[in-house]
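Trainee: Keeping the supplied structure of chain C fixed, place chains E and V upon it in accordance with the hints.
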Amino acid sequence: MAELTADSLHAVATHDDHGHISEDEHNSNMKLGLWLYLASEIVIFSIMIVGYIIFRINEEDIVAQAHDELGVALVTANTFVLLASSFFMVMGLRAMQQGNRSGMLRWIGLTALGGIVFLGGQYIEYSELAHLGIVLGFDDASAWSTFGMRFYAPTFFHGAHVFVGVLWALEVMRRGAKGRYDNNPIGIEMFGLYWHFVDVVWIMLFTLIYLV
Amino acid sequence: MATQHEAETVRRPALSEYLRWSVDHKIIGVQYGVAAFLFFMVGGAMAMGIRLELWTPTLDLMASGSAYNSLFTMHGTVMIFLFIIPMWAAFGNFVVPLQLGAKDMAFPWLNAFAFWLIPPAAIVILLGYFVTPAEAGWTSYPPLSTLFSGDGQTLWALGAHLLGISSIMGSINFIVTILNMRPPQMIIWTMPLLCWAVLATSIIAVMATPFLAGALTLLLLDRVAGTTFFDASGGGDVLLWQNIFWFYSHPAVYIMVLPGMGVLSEVLSIHCRKPVFGYRMVGLSSMGIAFVGFTVWAHHMFTSLQPELRIPFMITTMIIAVPTGIKMFSWLGTIWGGKMRFTSALLFALGFMSMFVIGGITGVMLAALPFDIHVHDTYFVVSHFHFVLFGGSVFAIYAALYHWFPKVTGRMMNERLGRIHFVFTYFGFLFTFFPMHIVGMLGMPRRVAVYDPNFTDWNQFISFWAFVLGFSTFIVVYNVIHSYFRGPVAGANPWRALTLEWATTSPPPVTNFDDDPIPFEDPYGYGTEASAAYLDAVDAAFSGGRPTPDGNQAD
Amino acid sequence: MAEATHHNSGHHSNTVRLLGRKITVEGGIYTVVFGALALLTVIEVLSAEFLKGAIHDAPSAAATLQAIKAIVLLGIAIIKSSLVIWFYMHLREEKPLIAVVILLPLLVATLSIMFLLAIPPLGYTL
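Protein chains in written order, with the numbering used here: chain C, 16 to 227; chain E, 73 to 627; chain V, 762 to 887.
Treat the hints as calculated values from the structure; they're not laboratory data. C-beta atoms are modelled at their ideal positions from N, C-alpha and C, and glycine is treated no differently. Be careful, since some hints might not be right.
Going by beta-carbon spacing under 10 Å, a handful of chain V positions derived as facing chain C [as the list claims (entries may be wrong)]: (1) 773; (2) 782; (3) 794; (4) 799; (5) 825; (6) 827; (7) 845.
One chain only, chain C, in its complex shape (with noise of 0.2 Å):
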């Protein structure tokens, strides 16, 4: 190293020379965010389960009495589509892989279709239970008392989940219509990340509040 020189300093550019990262370390970036940012979600939507599952231990006939007024009819019909609409959210990824852009719109399309009936399904499910007379907040009255919270609060916080995702599903159409991801479909990706997410917390969400 002694004969280091102040030319030698600097190497010569390797990847660039205007100031901006290449596409591979873009898209390398990009998605370690995203995975750290879905990090960060697990955390937050285990304090919302765990005060569920506390409860599910310590009041089994209310949850019991719960499952029997709702049944599973409505919910499992809920879950096949969210399942479906991941399913075509990775079949748009896929065709924007393979360059049918087209393909692609056809497919997200379909799955904020599906993020959109999902919502409508938590909606009706939702009116059931107000109709039930289970509320959010503490109601000393009702039999259910404290069931109301411990129930929409995580159910909750995931249908916002999916409605953020709808949102999402349509700008990246409307920048798909535009040709922004034919060159590098990171954009897809990062939104296809999101929405598998969402996914996963409810099937473990489906398992642990409807069926358990």
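Mentor: The following block gives chains E and V in isolation, referenced to the frame of chain C:
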């Protein structure tokens, strides 16, 4: 490509650029730093109010105990959420991309967004002071924070939520930057130790801050939507909050001090002209602290947790002293036999070592269950965490300020004022907080405005030195402002340091480096011929790259 | 540069090798995974209903059956989640770092949940 010529045209950003939206990590770093320091002054003023109230054993300054409660609640909240955590984001933002030879952070836009969440959050939190203020302490234990607090508590929770989001976004940015954007020559084992520390901090922040977000969401629901997650009379669980809060807040203690430990390794090595002693172990101990930090939270709950869980948490808490001890001995080994240059930065670093070791030892004392139950909720605890947070974090922040100010502004700080500042801060701090150990062991409870008159002498002694400590802050403010305009020109590498942030002009150009810089093989390889040659090459490359005297014009 | 983003184009084949047989279907592995997810969901709901009935019929063994039910259903849910993460989220093509990024918070969250479930809700029980 003519680096030398371009380097000469570097200029300082106009001051107005710091007030605008900017995606340049150097601008954002200064924005974080100045904003956080303003909050430090606000929180410091509140501390002065607390000490003024405690001058006499009766209520005199405050109208009621509630007013005192809201004062220390705000003091804690401002200092932790609005000062220390954003302050480390400031140094992380400015220094980390430069140390990695990167042109910016991985997500510049997200970086700016994370910063601009802080002003609205601060406004929301401080606004709470003018409605019915939060009174539950910065820990906001229910039922104090649910049943006995006003709208200010709701605003507090909203603001803390925003700050949590900001912290998560900033940390994601740091992790991606550090893992993905190193130059090809720099493997993770030749990365500067500040980057190691920021990486460990960010991992904690990404995995722990969401706990706070979840808990605050439930708290907000309790306050606004009528739920009873934390209200035992409504089937809720009060301890749930304590557990989740400390899931976050104990790791957050390391969010507040780990970057300071990284700063220490940098500053001690550079100003003592010696390689860091045990580089690998220091880097790994940062990770060790991060992970053990997740297993100790319940020591905050020794008096509320069921007894059979106390011993396990006592053990984990003592274990975490081991990686901290590794760092302490590494610093001692770094200083040992070094050519110490007693700059202000080094003085504050040494101040950190002497004060933090006291905070660490009282930490082990508090981890010992029988002792903890004796001093639980007394001034001993107050003293302990101020030794860690002020004697630790703030001393490290000052060390970092004196160390990197030349890089940020292109000007040296005034060393004489720096030493005066150090003397006032050091003795002000020591005589404010050390006696609190004694009054704590004598049994003075914390968080009260009215105390036993037997403690009056001690409290007046403490308050006097607290005012000295408060005064010392104005010295550094004056020093910063004075040096920004009148300080001697720094040049690229005033400390002759080997890390990459010094291998560019001061302040660095917009793209940081005109060409991709080559890091020296060992970031702390001082004292070898090769490192001297490298440093001479840096000096030669940037000898012309000095800012003009008025600082605002090119050429 | 763009080629690098298509590094996974090898997975765009419509033919999948499954249990030693070649299956050709539009969408390839993605469609197969969706089929598996749907099938697992049906199995999950049916076994939940079956076990619920069994618990109702045999109150004496309710605790054991409830534990079996929880283990079976959670097992299926974890398999489903893993399928989505592994194939749809392309974890199988990512660097090991990404797996660490997702496993660490899962570990922290799981341990936290276990802890909160293990302690009695009202804490101090001397």
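Trainee: Against each hint, give a clear statement of whether it holds in the structure.
Mentor: Right, here's what the structure says about each hint:
1. A distance limit of 10 Å between C-beta atoms decides the matter here; for residue 773 of chain V the minimum to chain C is near 6 Å, and the interface restraint holds.
2. The beta carbon of residue 782 of chain V is not positioned within 10 Å of any beta carbon in chain C (closest approach about 22 Å), and the interface hint is therefore violated.
3. Taking 10 Å as the C-beta cut-off, the interface hint given for residue 794 of chain V holds, the closest approach to chain C being about 8 Å.
4. The criterion of a C-beta within 10 Å of any C-beta in chain C is met by residue 799 of chain V, whose closest approach is roughly 7 Å, and the hint holds.
5. This hint is violated: residue 825 of chain V has a C-beta 14 Å from the nearest C-beta of chain C, more than the 10 Å allowed.
6. A distance limit of 10 Å between C-beta atoms decides the matter here; for residue 827 of chain V the minimum to chain C is near 8 Å, and the interface restraint holds.
7. About 5 Å separates the beta-carbon of residue 845 of chain V from the nearest beta-carbon of chain C, less than 10 Å, and the hint is met.
The structure fails hints 2 and 5 (numbered hints given earlier, in ascending order).
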